[in-house]
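Fit chain B to the supplied structure of chain A, relying on the hints for placement.
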Amino acid sequence: MSKGLLTTTVGSFPKPDYLTRARSQFSLGKIGGEELAALERQATAEVIRLQEEVGLDILVHGEMERGDMVAYFAEQLSESMAIGGLVRSYGNRYYRKPIITGKLHWQGPMTVEMWRYAQSLTDKPVKGMLTGPYTMVDWSFDDYYDSRRDAVLDMARVIHQEAVELEKAGARYIQVDEPAIHARPEQDFDLAVEAMALVVEGIDCEFHTHICYGEVALIYPDMLRLPVKQIHLAFKNTDFEYLKLLEKHPFDREKDLGVGVLDVHNHVAESVEEVKEGIRSTLELMPPERVWIEPDCGLKTRTWEEAAAKLRVMVQAVREVRRELGIEG
Amino acid sequence: MLTTVVGSYPKIPNRPRPARLRAAIARFERGEIGEDELRRVEDEVTIEVIQEQVEAGIDIVSDGQIRWEDDQTYFARRMDGFTIDGLIRYFDTNTYYRQPVVTGAVQWREPIAGEDYRFAAAHSPRPVKALVTGPYTLAALSANEHYGSYGELVLALARELRQEVLALEKAGAPIIQVSEPAILKRKEDFPLFRQALEQMMEGVAVEAHLYTWFGDAEGLFPQILELPFSTIGLDFVMGPANYEIIGRAPFAKKLGLGIVDARNTRLETVEQIVDRIRRVSHAVPLEALYVNPSCGLEYVPREVAEAKLKRMAEGVRRAQEVLG
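Heads up: the sequence lines are chains A and B, in that order. In this text, residue positions in the first sequence follow our numbering: the first is 460, and each later residue adds one. In this text, residue positions in the second sequence follow our numbering: the first is 200, and each later residue adds one.
These are calculated hints, taken from the structure and not from any lab test. Some clues are possibly wrong.
Stated by the list, open to error - With the C-beta cut set under 10 Å, the calculated list includes, among others, these residues of chain A facing chain B:
no. : residue
1   : Leu545
2   : Tyr554
3   : Ile558
4   : Asp602
5   : Gln620
6   : Ala639
7   : Gln646
8   : Asp647
To be verified - Dumping the calculated DSBU-like pairs for lysine-lysine here, alpha-carbon to alpha-carbon at most 35 Å:
no. : chain 1 : residue 1 : chain 2 : residue 2
9   : B       : Lys509    : A       : Lys703
10  : A       : Lys583    : A       : Lys627
11  : B       : Lys386    : A       : Lys703
12  : B       : Lys509    : A       : Lys562
13  : A       : Lys714    : B       : Lys384
14  : B       : Lys509    : A       : Lys707
15  : A       : Lys562    : A       : Lys627
16  : A       : Lys688    : B       : Lys384
The structure presented is a predicted model; accordingly, all values stated were derived computationally and were not measured. All C-beta atoms, glycine included, are put in the ideal place defined by N, C-alpha and C.
Okay, chain A solo, but in the shape it has when bound:
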C-alpha cells in the first residue's frame, strides 16, 4: 500500500486559561519567569497529549511560550530589535510593533529548548516552528537599514542559524511561516525567495512554509520557486478556490501541498463529509503521497474544545479517505 495524506497542524494551539492568566500576571510583575515557564511546559505537555490522542502524524509544540509570532523572536534579538509602541491593526485591536534598531544577528537559540522539551514527550516527529525573514521584517519598523532587501537578507541569516540549531537538536521538520509574503509580490517576491534559500541552505531537514490568507493568486505559480518541500495554503477559508489555480498551472511535482481543511475562524466544527469532500477534490489534482491535511491556520483563536473537535473531524475524514483509496498513513 502507498502512503499519503499525512496530518499535521499549522503551529499554534489555544492557550489554557491558567496560562493566559499567568501571562498577564507575569506582564504585571506578579509572578516570576520560572513560574510562567513551568506553566508553559505544563500546557505544552497537554498540547502534545491532545495531538497524540487525536492521532495526528507530525506534531507541533503549540507555541504556548509565544504571544505574537514576530514579537516572540524580536524580544530575543534584543541587541538589534526593540518592542515599540502600540499600533492599530484593525477595529479596536492594537499590537506592539517591533523596531529593528541595529544590525541583525543571532544571539543564541530562541526555539530549541521548547522544541526539545516537546519532542521528549512523544515518539512522533515534532516540527520546529520559525517565522520567516520577510514577515519578520515586514511586520517591524526599521530604524537601522536603508533598504528592505538588506534587512530581509540579514534576518534570513538569523533565522538560518536558528534552523541550524534545530537540526542539531534533532528536528526533522522545520516550518518557516511567511504570512506577509504576498504584501508586495511584483516588487519583492524574488527577495522573499532569495531569503528563504538562505534560511534552508545546507540544512538536512524537511522544510515547510505556511502562507496565510491574502492575495495568494498573485503569487501563484511564483510561490513554487520557494525552496521548501511543502507549501501550505488556507483552502477551506476560500471554499477550495485555490484548486482553480492548480488546474491552470499544476503544482510542482517535487513539492508537497499542505491543504487547509478547517476554518480556524469559525466556532463550529466541520462535518466529516465536508472535509472528505475537500480532500477528494484535491486528490483529483494531486497524488495522495504529496498531500498533507491540516487546518487553515494556527488554532490559537479557538477554544481548546473547539480545536480538539475540529481536529478529530479532520483525522476521521482522513482515515475514511485513506481506507477508501487503500492508502496507509
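Okay, now just chain B, sitting in the frame of chain A:
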C-alpha cells in the same frame, strides 16, 4: 510654505498615558457604556489630537480621523447600497479594514462628516482640513456586486460623494482633501478617474486638494495637473521617483509634499527635511508647498507621530531660513 497632515493620527497614546478611546470602545462593545459616553470620549480625544498637532507646529490640522475605523467604512456605513464584509489588508500595510460590498444603488443620505468638521473647527485655533475618500478609491477597495461595471460604480460614487463635498463646503470647511491612493495602482484608469473627479467637483468653490500615497505619479503626470484641484499631494517616501517626475512639466498647482515617512519610526533629521524641500524647489516655489507626512500617521505609535510632526515643522522653519 505651510505644514499640514494627510489625515489620520494615532488614536491612543502609550503608557503612562491612558488609552482612553480603546477602553471606551471595549466598554461600549460589552454594553457597559452607551453611545453618548463613547461620543464624549471621541470628542475629548479629537480635541487632544488637534492640540498635539497645533503644539507640534502644524498650520492646517485634521481631526485625526479619531471617529473613523478606516477611510472606506466611514463612508460606506453611512451611505445606502453598502454592506460591510470581512477583514482585508489595506494595500501593502499590516493594517486591515472591513471590506465594503456594494449590493445596491449607492446613495448619499445625509451629511457624513459635517458635524465632525464643525466640532473640530470649534475646538481648533488653526484651520481644519476636511477629508473625503475619493470615489475611485472607495470603489477600488470595495467589492462590487451590483453595478454592471467598475466604471459605473465609480461614477455613481462620484455623483453621490459630490453631495458630501457640498455639505462640507456648506459647513464651512476651508479646505477639502479628496483622498485617492488607489489610482496609483491602476494608472491606466486615468480617463475614468478624471471623469469621476470632474463630476464630483463640479460647482464646488472651496479650496480642494487631491492626495495620493503609497507610490509615485509615473504615468499620471502631467495630466493629474488638469484635475479640478488647487493642490496635488504626492508621496515622496514610497514614491521617490516623484522628485524627478514633477520637473517634467511646469507645476502649475500647489504641491502637497509628503516627505516625512508616516510608516516608519525612524525620525528624519532637520537636514533631511530641508534637503527634501530643496530637491523640489526647482519645480515648485516654496510658497506653493504644503509640507506633510507621506500618508496618514496611524501606522506609527502616537509618540512617534508627535515627534515626527515636530521635526517636520522644525525642518520647514529651517528651510524657510535657508532657502526662502
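Hints, verified against the model:
Interface restraint check for leucine 545/A: the shortest CB-CB distance to chain B comes to about 6 Å, inside 10 Å, so the restraint holds. The interface hint given for tyrosine 554/A holds, since its Cβ lies 9 Å from the closest Cβ of chain B, which is under the 10 Å cut-off. Annotation: interface hint on isoleucine 558/A holds; nearest CB of chain B at approximately 5 Å, less than 10 Å. Using the Cβ-Cβ criterion of 10 Å, the hint placing aspartate 602/A at the interface with chain B is satisfied: the shortest such distance is roughly 4 Å.
Hint status for glutamine 620/A relative to chain B: violated, with the closest Cβ pair at about 25 Å, above 10 Å. Hint status for alanine 639/A relative to chain B: holds, with the closest Cβ pair at about 7 Å, below 10 Å. The beta carbon of glutamine 646/A is positioned within 10 Å of a beta carbon in chain B (closest approach about 9 Å), and the interface hint is therefore held. Proximity of aspartate 647/A to chain B holds as hinted, the smallest CB-CB distance being about 9 Å (cut-off 10 Å).
For the given pair, lysine 509/B sits about 52 Å from lysine 703/A by alpha-carbon distance, which is inconsistent with the 35 Å threshold. Proximity of lysine 583/A to lysine 627/A is assessed by CA-CA distance (about 18 Å); at most 35 Å being required, the pair is judged to hold. The suggested pairing of lysine 386/B with lysine 703/A holds, with an alpha-carbon distance near 29 Å, which does not exceed 35 Å. Using a Cα cut-off of 35 Å, the hinted pair lysine 509/B and lysine 562/A holds, with the two alpha carbons roughly 28 Å apart.
Taken as a hint, the lysine 714/A and lysine 384/B pair is honoured in the structure, with Cα atoms around 33 Å apart against an allowance of 35 Å. Annotation: proposed proximity of lysine 509/B to lysine 707/A is violated, straight-line Cα distance about 53 Å (limit 35 Å). Our distance criterion of 35 Å between C-alpha atoms is met by lysine 562/A and lysine 627/A, whose separation comes to about 25 Å. For the suggested pair lysine 688/A and lysine 384/B, the alpha carbons sit about 34 Å apart, so the restraint of at most 35 Å is met.
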